[in-house]
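Visitor: Those sequence lines, one after another, are chains A and B. Under our numbering, the residues of the first sequence are numbered 1 to 256, in order. Under our numbering, the residues of the second sequence are numbered 1 to 272, in order.
Incorrect hints may have been included.
Stated by the list, open to error - Cross-link-like lysine-lysine pairs, in silico, PhoX-like; alpha carbons within 25 Å at most: (1) Lys157/A - Lys30/B; (2) Lys107/B - Lys270/B; (3) Lys233/A - Lys219/A; (4) Lys30/B - Lys131/A; (5) Lys191/A - Lys219/A; (6) Lys157/A - Lys191/A; (7) Lys270/B - Lys233/A; (8) Lys30/B - Lys101/B; (9) Lys270/B - Lys131/A; (10) Lys196/A - Lys219/A; (11) Lys30/B - Lys191/A; (12) Lys101/B - Lys194/A; (13) Lys101/B - Lys157/A.
To be verified - Partial list, computed: chain A residues near chain B (C-beta under 7 Å): (14) Phe25; (15) Glu86; (16) Glu106.
Hints in this document: simulated from the structure, not taken from any laboratory. For every residue, glycine included, the Cβ atom is placed at its ideal position computed from N, Cα and C.
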Amino acid sequence: MTETVMGVSTAVRPVIEVTDAGIRFRRNRLSRRNFKDLFAGSARRTRADEFWALRHVSFSVAPGEAIGVVGRNGQGKSTLLKLVAEVMLPDDGSVQVRDGVAPLIEITGGFVDDLSVRDNVYLTAGLHGMKNQEIAERFDEIIEFAEIGDFLDTPYKHLSSGMRVRIAFAVISRLEEPILLVDEVLAVGDKAFKEKCYRRIEEMLEGGRTMFFVSHNEKDLRRFCTRGLYLDKGALVLDASIDEVLDRYDADYGTP
Amino acid sequence: MSAAIDVRQARTPAARYRHSLWLLTARDLKVRYSTSFLGYFWSILDPLVMAGIYWFVFTVIFQRGVGHEPYIVFLISALLPWTWFNGSISDATRAFTREAKLIRSTKIPRTIWVARLVLSKGIEFLASIPVIAVFAIISEFTATPAKLQWGALLFPLAIIMQAVLTLGVGLIVAPLVVFFRDLERAVKLALRFLFYASPIVYGIADLHKHPSLEFWAAFNPLSGIFSLYRAAFFPQELRWFDVGVSAVLCLVVLGIGILVFRRTIHAVLKEI
Numbered sequence: 001m002t003e004t005v006m007g008v009s010t011a012v013r014p015v016i017e018v019t020d021a022g023i024r025f026r027r028n029r030l031s032r033r034n035f036k037d038l039f040a041g042s043a044r045r046t047r048a049d050e051f052w053a054l055r056h057v058s059f060s061v062a063p064g065e066a067i068g069v070v071g072r073n074g075q076g077k078s079t080l081l082k083l084v085a086e087v088m089l090p091d092d093g094s095v096q097v098r099d100g101v102a103p104l105i106e107i108t109g110g111f112v113d114d115l116s117v118r119d120n121v122y123l124t125a126g127l128h129g130m131k132n133q134e135i136a137e138r139f140d141e142i143i144e145f146a147e148i149g150d151f152l153d154t155p156y157k158h159l160s161s162g163m164r165v166r167i168a169f170a171v172i173s174r175l176e177e178p179i180l181l182v183d184e185v186l187a188v189g190d191k192a193f194k195e196k197c198y199r200r201i202e203e204m205l206e207g208g209r210t211m212f213f214v215s216h217n218e219k220d221l222r223r224f225c226t227r228g229l230y231l232d233k234g235a236l237v238l239d240a241s242i243d244e245v246l247d248r249y250d251a252d253y254g255t256p
Numbered sequence: 001m002s003a004a005i006d007v008r009q010a011r012t013p014a015a016r017y018r019h020s021l022w023l024l025t026a027r028d029l030k031v032r033y034s035t036s037f038l039g040y041f042w043s044i045l046d047p048l049v050m051a052g053i054y055w056f057v058f059t060v061i062f063q064r065g066v067g068h069e070p071y072i073v074f075l076i077s078a079l080l081p082w083t084w085f086n087g088s089i090s091d092a093t094r095a096f097t098r099e100a101k102l103i104r105s106t107k108i109p110r111t112i113w114v115a116r117l118v119l120s121k122g123i124e125f126l127a128s129i130p131v132i133a134v135f136a137i138i139s140e141f142t143a144t145p146a147k148l149q150w151g152a153l154l155f156p157l158a159i160i161m162q163a164v165l166t167l168g169v170g171l172i173v174a175p176l177v178v179f180f181r182d183l184e185r186a187v188k189l190a191l192r193f194l195f196y197a198s199p200i201v202y203g204i205a206d207l208h209k210h211p212s213l214e215f216w217a218a219f220n221p222l223s224g225i226f227s228l229y230r231a232a233f234f235p236q237e238l239r240w241f242d243v244g245v246s247a248v249l250c251l252v253v254l255g256i257g258i259l260v261f262r263r264t265i266h267a268v269l270k271e272i
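Excised from the complex, chain A in its bound form (with noise of 0.2 Å):
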């Protein structure tokens, strides 16, 4: 986490390097499983009820690219998204992350329905890493992102839903991390949070941020990315331009 992210030197290692990465799943949650299939480590195989959400998926990405993944539903974005945020772990090949990383998935995952909406910021700032002191100097912000003020002291279950993503929101964009993880959260909320959310992600961007951003909304991709990855079948179809990429995919798929 040096001054390479920022540009200084630009024949930098990649931050991010997916090397033929797999990963299989089940097709069929009640299907039968025994201890053997459990500790039978080779992931080579296939068995019947088993496929691959993604398999052979190659790529690395530079410090400050923004990288819009592109499919129809089902064919292996989120999983990849959650192999970059490592709360998956590949069952072939390999994924590196070489920075921090601050996961817009599920982001109101770590909030406790019982603790205050101020127990639960620096619970969920401290478990990605923050220390005590750098949550207390952001914290008026992070609440005044939130629009939140009058219910530091509310337990979290008392919010409604809109003020619960938008607190969430507010604390993971606050991570300071240099790689910005983004699953669709921003489908949530009113027009006016939503506008307000991409511009901290511009913002962000601007600060020299890596961004992986999956969507389905053709606007988005091409207002924050510039380079496209374009999943289908659990494969890595074409890694390119956004642009190339999504008139690849209205190609396949004839959206408008």
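Could you slot chain B onto chain A? The hints should help.
Guide: Just chain B, lined up with the frame of chain A:
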């Protein structure tokens, strides 16, 4: 306010581990104590009621009371650690399912999800130790006072051994329950069996009428651990053979736990 990336001094992985572990443990305790009025009292009420029941059954109804006097101190000195073990393991069966959302969104080292249970229950156990002292002091005014022995110095060793054992069992149970939901009930049953298979309502010495039992009982790692706890007031309960076997078993269980956890965590993360 700038959107540029601040240069933050990176922490070592160990420091991050400790930090996250402590945050989650503190959260557990905070949730427990901020949502219930009686808070601390609840964590000691359960073992106290159980101790009261056993004391009544064995000393009043059966008029047993040979050897281990005062029986209430004898009981509580093993019941409180048992409550720690029992609580951690039964919570470990839900370690992943209850926190699924959080686990899916943060990448802290996964063993923390089990370790935090052992730690928070362990802190509750430490907070309940004064209860033993209270009963020991009360017993001073009865015909059979409890005398504090040098064996009380073994308390820390017992705590360390129990923490290792509990963590080991938790690391085995937590991921397996994700795949085999039935295991949750099986664990409850096993814990109830273990309660009577461990020297809690009785002492190790009570087994000497059954020599073969006495030998095999040593292979319950809890025997050695409870014998260390009890050495504080009941020196005849301290069996170094049991303690030795237990120490080895604790490490073996932790080793198996780490192995199982490592092999299954990939699949666990997909499943939750």
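Visitor: Each of the hints needs a verdict: does it hold here or not?
Guide: Evaluation of the provided hints:
A threshold of 25 Å between alpha carbons decides the hint, and for Lys157/A with Lys30/B the separation of about 16 Å falls inside it, so the pair holds. Note on Lys107/B and Lys270/B: the hinted pairing holds, with a Cα-Cα distance of about 14 Å set against a maximum of 25 Å. For the suggested pair Lys233/A and Lys219/A, the alpha carbons sit about 24 Å apart, so the restraint of at most 25 Å is met. For the hint pairing Lys30/B with Lys131/A, the CA-to-CA distance comes to about 19 Å; that is within 25 Å, so the pair holds.
Of the pairs offered as hints, the one joining Lys191/A and Lys219/A holds, with about 15 Å between alpha carbons and a cut-off of 25 Å not exceeded. The suggested pairing of Lys157/A with Lys191/A holds, with an alpha-carbon distance near 23 Å, which does not exceed 25 Å. Restraint check: the Cα-Cα separation between Lys270/B and Lys233/A comes to about 19 Å, which is no more than 25 Å; the hinted pair holds. Note on Lys30/B and Lys101/B: the hinted pairing holds, with a Cα-Cα distance of about 20 Å set against a maximum of 25 Å.
Restraint check for Lys270/B and Lys131/A: not satisfied, since their Cα atoms lie roughly 30 Å apart, outside the 25 Å limit. Between Lys196/A and Lys219/A, the direct Cα distance comes to roughly 16 Å. Compliance with the 25 Å bound is thereby established for this hinted pair. A threshold of 25 Å between alpha carbons decides the hint, and for Lys30/B with Lys191/A the separation of about 36 Å lies outside it, so the pair is violated. Between Lys101/B and Lys194/A the CA atoms are separated by roughly 23 Å; this keeps the pair inside 25 Å, and the hint holds.
Between the alpha carbons of Lys101/B and Lys157/A the distance comes to roughly 15 Å, so the proposed pair stays at or under 25 Å and holds. Restraint check, Phe25/A versus chain B: the minimum CB separation of about 6 Å is within 7 Å; hint holds. At about 4 Å, the closest approach between the beta carbon of Glu86/A and any beta carbon in chain B falls short of 7 Å, and the interface hint on this residue holds. Using the Cβ-Cβ criterion of 7 Å, the hint placing Glu106/A at the interface with chain B is satisfied: the shortest such distance is roughly 4 Å.
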